[in-house]
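Input sequences plus hints: build the corresponding full structure.
There are 2 protein chains.
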Amino acid sequence: MSEQKKYVLPESEIPTSWYNIQADLPEPLPPVIHPGTLQPIGPDDLAPLFPMALIAQEVSQERYIDIPEPVLDIYRMWRPTPLIRATRLEKALGTPAHIYYKYEGTSPAGSHKPNTAVAQAFYNKAEGVNALTTETGAGQWGSALSMACNWFDIECEVYMVKISYQHKPYRRSLMQTFGASVTASPSDTTNAGRAILEQDADSPGSLGIAISEAVEVAATSGGAKKYSLGSVLNHVMLHQTVVGEEVVKQMEMADEYPDVMIGCVGGGSNFAGFVLPFVRENLVNGKNTRFVAVEPTATPSLTKGQYVYDFGDTGQMTPLIKMYTLGHSFIPAPIHAGGLRYHGMAPIVCHLYDLGLIEAVAVPQNPVFEAAVLFAQAEGIIPAPETAHAVRTAIDEALLCKESGEEKVIVFNLSGHGHFDMASYDAYFTGTLPDYEYPEDEVERALAGLPQIA
Amino acid sequence: MSEQKKYVLPESEIPTSWYNIQADLPEPLPPVIHPGTLQPIGPDDLAPLFPMALIAQEVSQERYIDIPEPVLDIYRMWRPTPLIRATRLEKALGTPAHIYYKYEGTSPAGSHKPNTAVAQAFYNKAEGVNALTTETGAGQWGSALSMACNWFDIECEVYMVKISYQHKPYRRSLMQTFGASVTASPSDTTNAGRAILEQDADSPGSLGIAISEAVEVAATSGGAKKYSLGSVLNHVMLHQTVVGEEVVKQMEMADEYPDVMIGCVGGGSNFAGFVLPFVRENLVNGKNTRFVAVEPTATPSLTKGQYVYDFGDTGQMTPLIKMYTLGHSFIPAPIHAGGLRYHGMAPIVCHLYDLGLIEAVAVPQNPVFEAAVLFAQAEGIIPAPETAHAVRTAIDEALLCKESGEEKVIVFNLSGHGHFDMASYDAYFTGTLPDYEYPEDEVERALAGLPQIA
Numbered sequence: 514m515s516e517q518k519k520y521v522l523p524e525s526e527i528p529t530s531w532y533n534i535q536a537d538l539p540e541p542l543p544p545v546i547h548p549g550t551l552q553p554i555g556p557d558d559l560a561p562l563f564p565m566a567l568i569a570q571e572v573s574q575e576r577y578i579d580i581p582e583p584v585l586d587i588y589r590m591w592r593p594t595p596l597i598r599a600t601r602l603e604k605a606l607g608t609p610a611h612i613y614y615k616y617e618g619t620s621p622a623g624s625h626k627p628n629t630a631v632a633q634a635f636y637n638k639a640e641g642v643n644a645l646t647t648e649t650g651a652g653q654w655g656s657a658l659s660m661a662c663n664w665f666d667i668e669c670e671v672y673m674v675k676i677s678y679q680h681k682p683y684r685r686s687l688m689q690t691f692g693a694s695v696t697a698s699p700s701d702t703t704n705a706g707r708a709i710l711e712q713d714a715d716s717p718g719s720l721g722i723a724i725s726e727a728v729e730v731a732a733t734s735g736g737a738k739k740y741s742l743g744s745v746l747n748h749v750m751l752h753q754t755v756v757g758e759e760v761v762k763q764m765e766m767a768d769e770y771p772d773v774m775i776g777c778v779g780g781g782s783n784f785a786g787f788v789l790p791f792v793r794e795n796l797v798n799g800k801n802t803r804f805v806a807v808e809p810t811a812t813p814s815l816t817k818g819q820y821v822y823d824f825g826d827t828g829q830m831t832p833l834i835k836m837y838t839l840g841h842s843f844i845p846a847p848i849h850a851g852g853l854r855y856h857g858m859a860p861i862v863c864h865l866y867d868l869g870l871i872e873a874v875a876v877p878q879n880p881v882f883e884a885a886v887l888f889a890q891a892e893g894i895i896p897a898p899e900t901a902h903a904v905r906t907a908i909d910e911a912l913l914c915k916e917s918g919e920e921k922v923i924v925f926n927l928s929g930h931g932h933f934d935m936a937s938y939d940a941y942f943t944g945t946l947p948d949y950e951y952p953e954d955e956v957e958r959a960l961a962g963l964p965q966i967a
Numbered sequence: 514m515s516e517q518k519k520y521v522l523p524e525s526e527i528p529t530s531w532y533n534i535q536a537d538l539p540e541p542l543p544p545v546i547h548p549g550t551l552q553p554i555g556p557d558d559l560a561p562l563f564p565m566a567l568i569a570q571e572v573s574q575e576r577y578i579d580i581p582e583p584v585l586d587i588y589r590m591w592r593p594t595p596l597i598r599a600t601r602l603e604k605a606l607g608t609p610a611h612i613y614y615k616y617e618g619t620s621p622a623g624s625h626k627p628n629t630a631v632a633q634a635f636y637n638k639a640e641g642v643n644a645l646t647t648e649t650g651a652g653q654w655g656s657a658l659s660m661a662c663n664w665f666d667i668e669c670e671v672y673m674v675k676i677s678y679q680h681k682p683y684r685r686s687l688m689q690t691f692g693a694s695v696t697a698s699p700s701d702t703t704n705a706g707r708a709i710l711e712q713d714a715d716s717p718g719s720l721g722i723a724i725s726e727a728v729e730v731a732a733t734s735g736g737a738k739k740y741s742l743g744s745v746l747n748h749v750m751l752h753q754t755v756v757g758e759e760v761v762k763q764m765e766m767a768d769e770y771p772d773v774m775i776g777c778v779g780g781g782s783n784f785a786g787f788v789l790p791f792v793r794e795n796l797v798n799g800k801n802t803r804f805v806a807v808e809p810t811a812t813p814s815l816t817k818g819q820y821v822y823d824f825g826d827t828g829q830m831t832p833l834i835k836m837y838t839l840g841h842s843f844i845p846a847p848i849h850a851g852g853l854r855y856h857g858m859a860p861i862v863c864h865l866y867d868l869g870l871i872e873a874v875a876v877p878q879n880p881v882f883e884a885a886v887l888f889a890q891a892e893g894i895i896p897a898p899e900t901a902h903a904v905r906t907a908i909d910e911a912l913l914c915k916e917s918g919e920e921k922v923i924v925f926n927l928s929g930h931g932h933f934d935m936a937s938y939d940a941y942f943t944g945t946l947p948d949y950e951y952p953e954d955e956v957e958r959a960l961a962g963l964p965q966i967a
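Sequence order for the protein chains is Z and V. Per my numbering, the first sequence runs over residues 514 to 967. Per my numbering, the second sequence runs over residues 514 to 967.
These are calculated hints, taken from the structure and not from any lab test. Nothing here was measured: the structure is a model prediction, and the numbers come from that model. There may be inaccurate statements among the hints.
Copies of the same chain look alike in the list, so a pair counts if it fits in one copy or across any two.
[Claimed, not checked] Dumping the calculated DSBU-like pairs for lysine-lysine here, alpha-carbon to alpha-carbon at most 30 Å:
id	residue 1	residue 2
1	K800	K519
2	K638	K519
3	K604	K835
4	K835	K762
5	K638	K604
See below:
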């Protein structure tokens with residue numbers, strides 16, 4: 514009768530420290546390499562782009578890092594976020610599985626992204642930074658950083674991937690409401706952008722290109738501006754662990770433990786933040802949860818890429834990072850999940866995948882939207898197209914349980930809502946969405962051009 | 514340091530009964546009149562449109578009415594909703610006032626509307642109804658009823674005011690995701706719609722016209738379809754009291770009591786649901802809270818209308834209701850707050866206003882958006898254009914406190930988010946929003962045509 518639906522922690526239970534998986538890795542992360550010297554980079558190499566506090570977090574081996582009080586003070590505006598038992602979805606599927614979702618779409622910007630945006634804005638402001646540049650795909654990250662910068666009185670310049678800029682005009686409006694300036698990328702305002710436009714005036718853009726533009730603007734600002742990245746880097750994964758740490762407590766409230774945890778991956782931050790505290794439980798406390806990263810067949814970095822050193826951006830402005838990559842010159846097909854259109858993947862996620870500690874799967878666009886609509890009809894919440902990848906795989910796992918009769922506990926990260934993505938739902942309903950397959954030739958070309966580093 | 518931001522009740526504290534103000538009114542509500550006989554209507558007159566359970570609630574004098582368990586079961590998906598202390602807004606304004614907002618935008622449909630949509634769908638299904646018709650302005654109500662009908666396996670036909678249909682295409686997509694059919698109103702599918710189109714082929718529509726269309730479809734369906742209204746009626750106000758009952762408990766948690774409570778009014782339901790339990794405290798327990806209903810200058814029913822008998826719809830298909838009205842043939846200016854474009858007002862709200870138990874104020878469009886942007890920048894949440902009317906007046910009250918130095922407790926209902934309304938923010942930013950004033954001549958014309966009933 515009065516079945517519990519939501520597991521809501523009191524405000525006092527917001528985690529007060531982030532969890533740093535680097536302290537517990539069975540092997541350390543491969544170093545980040547300077548493309549000129551081919552030697553591991555040091556803090557000075559990153560200082561033009563990031564404040565020292567974030568550079569320190571990037572390489573920290575401390576297991577727990579305190580969340581600063583001004584960051585916690587803002588987290589309290591929407592955290593802790595709910596963990597919800599998807600009883601109606603379970604019934605709609607007829608599965609014996611217990612399905613739970615962590616709902617990060619309750620943040621004001623609509624996704625998990627503010628967890629790191631607020632932290633990054635805080636550390637930048639603390640070191641006197643008054644302007645930040647960044648890129649955004651679907652606009653989830655751009656709106657989160659715009660919001661955070663507004664709270665810390667920092668100017669924010671966003672390079673938004675052109676295809677998403679066109680697909681999602683209201684994400685741009687949202688960023689402008691928070692006071693940010695937004696430029697469609699590739700643009701003619703940077704060398705990196707102009708170089709792409711010369712090759713292809715109609716380029717839909719990509720996260721890799723937008724990163725180049727934002728990095729260039731910061732790097733050439735004479736110290737006036739720094740750069741902020743919404744995923745991929747270790748400090749971003751760190752900040753997102755506030756999500757998983759809450760889920761640890763919420764699963765205790767529910768008196769269950771995850772058999773499988775699922776998140777979508779583009780750069781990897783919502784997945785990592787969600788699962789890392791449970792990876793710790795596997796590594797340190799003998800637990801045995803499976804972790805599944807879900808990517809689009811259009812950008813299958815984990816499932817089809819190579820684990821090699823590559824640039825983080827298309828314009829080759831970043832250091833070389835060892836990651837599963839499709840090649841930095843790879844331009845992903847214009848899927849609606851703009852936040853997943855990235856050629857690489859977070860080094861931490863790649864390392865865990867390489868060590869066999871997590872799994873990965875790639876899914877095409879139409880089955881993803883089919884799952885999103887099924888979820889929306891059952892649970893009322895419209896998932897972002899990125900998030901819908903996790904929904905697809907959660908439903909697939911639940912359907913396997915239906916076949917096997919297993920009462921598995923399936924927990925996924927509903928990382929963001931799709932309120933600004935309804936045009937993609939319209940496209941799905943009219944049957945006009947292509948199911949992009951793994952673009953073998955294009956990936957082969959892009960990978961062939963990579964620097965050879967042992 | 515660790516200042517409390519959110520007052521979140523446990524799931525077990527969701528109110529289990531709605532509060533019926535009719536039990537405590539100092540004078541009873543004026544009866545609803547049959548336009549043919551000019552006699553008070555009885556249950557049989559309403560039976561073609563509503564299930565008996567809702568007709569009974571419409572006239573009930575019971576102080577508390579139990580919320581059915583299947584309705585509570587769905588409420589638990591998002592209720593209780595948070596009460597949030599707007600500390601950042603207070604700082605931005607430099608006011609000594611304590612500002613709180615009840616955030617109903619956390620429901621899956623994005624507003625308070627599901628509180629009654631779920632209840633209405635439940636009672637209809639319980640009496641064997643398998644199809645409902647309704648109207649919607651901004652689309653908040655239409656999406657809520659679409660969602661609720663989907664959960665109870667009821668077909669849902671929505672007539673959406675044409676200007677909102679054009680302003681807010683993604684609200685339509687949302688309703689379609691929940692399986693509803695959506696028609697722009699006035700349409701050529703009904704006599705009422707065709708009559709309007711003959712007079713004005715470019716009619717932007719209004720809630721009054723869309724109600725006529727939806728009522729006509731139900732009334733002429735031979736019993737196959739019933740009709741559902743998202744505001745105005747007593748049973749809708751009743752269902753919305755779950756909001757105010759939560760606020761009663763949350764103010765206790767905060768150890769404060771409201772000096773003034775503020776809500777926007779179109780039909781009156783979010784305002785009524787929010788304040789009625791506190792009106793009870795004024796009437797029964799000697800409290801002294803002020804209640805301010807905020808309407809647009811474009812449709813100032815309370816502040817400029819007459820308290821007379823009028824039709825609830827433009828096509829004169831409903832009974833005659835005593836309310837503050839601008840006249841049923843009044844076509845409101847195309848403001849972006851589509852949910853407030855109604856010529857009349859809930860009889861309960863009108864009665865309280867007539868008795869001097871609540872206040873009302875009208876505000877123009879641009880100052881409303883100015884307040885919305887100020888609020889969004891401070892608190893991160895984008896208010897719906899309707900809701901932004903309440904934000905404007907809450908800020909005005911807080912600024913008065915700044916002048917007087919008073920530490921008043923101001924509580925307003927943030928009834929919905931504006932994620933589907935970003936086009937209106939764009940229009941505000943580009944300076945193209947007109948500030949419609951009170952349309953004196955037009956109201957005079959529309960009021961002159963009313964039936965004369967003592």
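Comparing the hints with the structure gives:
1. Proximity of K800 to K519 under the C-alpha cut-off of 30 Å is restricted to the intra-copy arrangement: shortest distance 24 Å within a copy versus 34 Å between copies.
2. For a Cα distance limit of 30 Å, the shortest separation of K638 from K519 across copies, 26 Å, qualifies, whereas the shortest one inside one copy, 36 Å, does not.
3. In this assembly of identical chains, the alpha carbons of K604 and K835 never lie at most 30 Å apart, being 43 Å within a copy and 46 Å across copies at closest.
4. Taking identical chains as interchangeable, the C-alpha atoms of K835 and K762 are never at most 30 Å apart, the minima being 33 Å within one chain and 54 Å between chains.
5. In this assembly of identical chains, the alpha carbons of K638 and K604 lie at most 30 Å apart only when taken from different copies (19 Å versus 48 Å within one copy).
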